[in-house]
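Could you build the full structure based on these sequences and the hints that come with them?
There are 2 protein chains.
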Amino acid sequence: MMATPVRVGVIGLGTVGQGVLRLLHENAAEITRRVGRPVIVTDAATRTPSRARDCKLDGIHLWPDAQRLVAEAEVDILVELIGGTGVARELTLAAIARGKPVVTANKALLAEHGNEIFGAAAAKGGVVAFEAAVAGGIPIIKAIREGLAGNVIDGVAGIINGTCNYILTQMAAKGQSFGDALADAQRLGYAEADPTFDVEGVDAAHKLAILAALAFGMPLAFDAIAVEGITAVTPQDIEIAKVFGYRIKLLGIAKRHGGGVELRVHPTLVPDDALLAKVDGVLNAVVVHGNAVGQVGFYGRGAGGDATASAVVADILDIARALSADTRHAVPALAYQPDALRPLPVVPIRDAPSAFYLRLRVADEAGVLSQITAILAAHDISVEAILQREPRGGEDATIALITSIIPGHRFDDALAEMQKLPFVRAGATRFRVEKFD
Amino acid sequence: MMATPVRVGVIGLGTVGQGVLRLLHENAAEITRRVGRPVIVTDAATRTPSRARDCKLDGIHLWPDAQRLVAEAEVDILVELIGGTGVARELTLAAIARGKPVVTANKALLAEHGNEIFGAAAAKGGVVAFEAAVAGGIPIIKAIREGLAGNVIDGVAGIINGTCNYILTQMAAKGQSFGDALADAQRLGYAEADPTFDVEGVDAAHKLAILAALAFGMPLAFDAIAVEGITAVTPQDIEIAKVFGYRIKLLGIAKRHGGGVELRVHPTLVPDDALLAKVDGVLNAVVVHGNAVGQVGFYGRGAGGDATASAVVADILDIARALSADTRHAVPALAYQPDALRPLPVVPIRDAPSAFYLRLRVADEAGVLSQITAILAAHDISVEAILQREPRGGEDATIALITSIIPGHRFDDALAEMQKLPFVRAGATRFRVEKFD
Chain A
1 MMATPVRVGV IGLGTVGQGV LRLLHENAAE ITRRVGRPVI VTDAATRTPS RARDCKLDGI
61 HLWPDAQRLV AEAEVDILVE LIGGTGVARE LTLAAIARGK PVVTANKALL AEHGNEIFGA
121 AAAKGGVVAF EAAVAGGIPI IKAIREGLAG NVIDGVAGII NGTCNYILTQ MAAKGQSFGD
181 ALADAQRLGY AEADPTFDVE GVDAAHKLAI LAALAFGMPL AFDAIAVEGI TAVTPQDIEI
241 AKVFGYRIKL LGIAKRHGGG VELRVHPTLV PDDALLAKVD GVLNAVVVHG NAVGQVGFYG
301 RGAGGDATAS AVVADILDIA RALSADTRHA VPALAYQPDA LRPLPVVPIR DAPSAFYLRL
361 RVADEAGVLS QITAILAAHD ISVEAILQRE PRGGEDATIA LITSIIPGHR FDDALAEMQK
421 LPFVRAGATR FRVEKFD
Chain B
1 MMATPVRVGV IGLGTVGQGV LRLLHENAAE ITRRVGRPVI VTDAATRTPS RARDCKLDGI
61 HLWPDAQRLV AEAEVDILVE LIGGTGVARE LTLAAIARGK PVVTANKALL AEHGNEIFGA
121 AAAKGGVVAF EAAVAGGIPI IKAIREGLAG NVIDGVAGII NGTCNYILTQ MAAKGQSFGD
181 ALADAQRLGY AEADPTFDVE GVDAAHKLAI LAALAFGMPL AFDAIAVEGI TAVTPQDIEI
241 AKVFGYRIKL LGIAKRHGGG VELRVHPTLV PDDALLAKVD GVLNAVVVHG NAVGQVGFYG
301 RGAGGDATAS AVVADILDIA RALSADTRHA VPALAYQPDA LRPLPVVPIR DAPSAFYLRL
361 RVADEAGVLS QITAILAAHD ISVEAILQRE PRGGEDATIA LITSIIPGHR FDDALAEMQK
421 LPFVRAGATR FRVEKFD
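So the sequence lines, in the order shown, correspond to chains A and B. Residue 401 in the UniProt record's numbering sits at position 401 of the first sequence, and the numbers go up by one each step. Residue 90 in the UniProt record's numbering sits at position 90 of the second sequence, and the numbers go up by one each step.
These are calculated hints, taken from the structure and not from any lab test. Do not take every clue at face value.
When chains are identical, the list treats them as one kind, so a pair holds in a single copy or across two.
[Claimed, not checked] In silico EDC-like cross-links for lysine to aspartate or glutamate, where the CA-CA straight-line distance does not exceed 20 Å: (1) LYS100 with ASP65; (2) LYS242 with ASP273; (3) LYS242 with ASP272; (4) LYS124 with ASP280; (5) LYS255 with GLU30; (6) LYS174 with ASP223; (7) LYS435 with ASP280; (8) LYS100 with ASP76; (9) LYS420 with ASP194; (10) LYS278 with ASP437; (11) LYS420 with ASP396; (12) LYS435 with ASP272; (13) LYS100 with GLU90; (14) LYS100 with GLU384; (15) LYS56 with ASP412; (16) LYS56 with ASP43; (17) LYS435 with GLU239; (18) LYS124 with ASP339; (19) LYS420 with ASP76; (20) LYS124 with GLU72; (21) LYS100 with ASP43.
Keep in mind it's a predicted model, so treat the numbers as computed, not measured.
Right under this line is the structure:
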């Protein structure tokens, strides 16, 4: 497609900024098919232009002064990724004043200055997009704002700080103290050298302020949130909670209460069969309760350069599509522009690789298992798990197994051979196995 | 707000149609605040106008002839909820030809005639929206199409038929046969009298065709999907799978494979620690793998009038906002129109009701438990779970308990009283408990 590119200026080339550049570069062909125009980074601001980075800077105009980029760069969209609430606020307000759509991942900025920033944007008819500010790659902002827009939302609760969830998960798995789990998290890069914002719940409260505004149509109310971090959680509490049938998670909770709302961040016992209890490690998860939809849940990576960049780029593409609109609905029905849909060959299921579960009924004879496993070996199929059960009453014996991942036809061939064995009864059962690692 | 209402015509007043009318009526105030204009149903088509319904029809022009509604009604948006692929196809094409945006929940229609329908819409620059066609109330269409648009999507897998998931869940929980679980599902309204489309995997394949088109930018390829239903699953397989550490779920799976794709629906063994394994009953769940975001998961109600209506109304509101746009980005930053944000009183956490977990260290004396439980009783606090542990070595004894749901201040008062008891050591630990029922 030869359409004019959408030009993006990125302020800040840290982990997320590099992820954004990488993503717009590596996924450029797909993105152009979705948007109908290329979306390219033309300008970036960094104070350390010579630092080695994990992204290509070819053809990108590097500005040492972010203010000048905002004031002067010929871009269609500005992306603020420097963090903090001082300079970031000034840059964002300057971009709005210049009439540029802004994308930001900066939850602290929005939680503390969002009313000013969104007010300024509304006054100018401008856009400030912030999918990346809450729960990283999970498209929770769009889900609440648009996907669940028909509901009166009763409440939102979420694991929205990956550092705390990692620490609590490690404490539960290893019986570690908070201090030891924190030290491990710091060593692995999951916690900052000064972890206060995370472990004291401030970061979660920033995000909760944003979620509550979206859910309830209220201004950002960060200062009104009751916040309690995870430093008081002990391995003993985690263990006793388990005895009671609960897991301990740091949750951000916003719920309607009479004509008002409850806004709180605190360690919370969650029943171990609730999906929030099962979200471990650095993953984030959010559940939303709407009066029509009931409970809807979302989980995924809440941090990291690529996952956060996924959300930043989603916002960039939303804006790019709106800028490009030549129909009244800028989002194509099937996600790609109609002229960019391409038939793809569908692989016959016989050729699709999968692990397989197989259950056979066999006569209760000597040598059965060895002949079956010999057939599997002859077809180069490894067995990951196997179970043989003796007959009950007059029944046949059962052999059940799970194979390694193999093409479907190889399994079919081996099964056909097994079914010729005299002691194998008719009617084998086989299902596919998927691991979702 | 006095702005001109957005007028909606609803074709079909079955369960979902009634849900849409109910939702647009009951949530009208919130919806107006989000969209900036009222969104009202002005017209509806039904062949049984006198049937008793669970929604208000006051002021709605009822058309006995859906064709005439499509051809003549003065509406801004048409909603197709009659199901089937014959008349629904004609109505949808007629609406597109008339230049009306269409919202549909009809997965069979889109899977089988989607290429024609989306082609016709693209030729006219028209809109066909279909969030409700896959996974009911879960906003998965929007998530893939927009929220994850920065990713090259590698694969999608989901529990996208609630009937099958209910049957498999019951078989696992009760050891029921497929036939008995199906009969129960029919009795409860979770399965149709003729359950073929569900239990043979056809409905899941309809939805998978839509997900694959969105994920990979390919035309709808329903006929190319390999489909296997759940009728061959036995309680024995479910039990053996459990021994191996797996659950059996009917999954729709679409994944890239070389330059092509795999498209398949079949019973699948899923590791029991994967989130898909934990989604039970009529719930749906979808996981998407993107090259930047990694794995993202979504779960919620996949069927039912209100959950499906939630998705239909979300589509209506998307279109309404686009029709109403007086800025280039029709979706307000904080979900509600800037002039519709309203401060809400934040309830002090002392007044927020919650269940509480409490752990006390106490001297190992007689009568400790009775004095503590007496204080709880005096504050009208019931105990849901309690654990007392004898001292280990020189340590104090531990008492841990979980209370019923009570206002925070009542718990604080009781705790303050307990802490005055001579045998209670300093440093009680208390966390809140949330149930997410």
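Hint by hint, here is what the structure shows:
{"no.": "1", "hint": "LYS100 with ASP65", "in the structure": "within (18 Å within a copy, 49 Å between copies)"}
{"no.": "2", "hint": "LYS242 with ASP273", "in the structure": "both (11 Å within a copy, 17 Å between copies)"}
{"no.": "3", "hint": "LYS242 with ASP272", "in the structure": "both (8 Å within a copy, 19 Å between copies)"}
{"no.": "4", "hint": "LYS124 with ASP280", "in the structure": "neither (42 Å within a copy, 47 Å between copies)"}
{"no.": "5", "hint": "LYS255 with GLU30", "in the structure": "between (39 Å within a copy, 16 Å between copies)"}
{"no.": "6", "hint": "LYS174 with ASP223", "in the structure": "neither (35 Å within a copy, 50 Å between copies)"}
{"no.": "7", "hint": "LYS435 with ASP280", "in the structure": "both (17 Å within a copy, 18 Å between copies)"}
{"no.": "8", "hint": "LYS100 with ASP76", "in the structure": "within (7 Å within a copy, 31 Å between copies)"}
{"no.": "9", "hint": "LYS420 with ASP194", "in the structure": "neither (67 Å within a copy, 37 Å between copies)"}
{"no.": "10", "hint": "LYS278 with ASP437", "in the structure": "both (15 Å within a copy, 15 Å between copies)"}
{"no.": "11", "hint": "LYS420 with ASP396", "in the structure": "within (17 Å within a copy, 69 Å between copies)"}
{"no.": "12", "hint": "LYS435 with ASP272", "in the structure": "between (22 Å within a copy, 10 Å between copies)"}
{"no.": "13", "hint": "LYS100 with GLU90", "in the structure": "within (14 Å within a copy, 44 Å between copies)"}
{"no.": "14", "hint": "LYS100 with GLU384", "in the structure": "neither (56 Å within a copy, 56 Å between copies)"}
{"no.": "15", "hint": "LYS56 with ASP412", "in the structure": "neither (47 Å within a copy, 57 Å between copies)"}
{"no.": "16", "hint": "LYS56 with ASP43", "in the structure": "within (12 Å within a copy, 55 Å between copies)"}
{"no.": "17", "hint": "LYS435 with GLU239", "in the structure": "between (29 Å within a copy, 18 Å between copies)"}
{"no.": "18", "hint": "LYS124 with ASP339", "in the structure": "between (34 Å within a copy, 13 Å between copies)"}
{"no.": "19", "hint": "LYS420 with ASP76", "in the structure": "neither (68 Å within a copy, 65 Å between copies)"}
{"no.": "20", "hint": "LYS124 with GLU72", "in the structure": "within (19 Å within a copy, 39 Å between copies)"}
{"no.": "21", "hint": "LYS100 with ASP43", "in the structure": "within (14 Å within a copy, 41 Å between copies)"}
Violated hints for the displayed structure, listed by number in ascending order: 4, 6, 9, 14, 15, 19.
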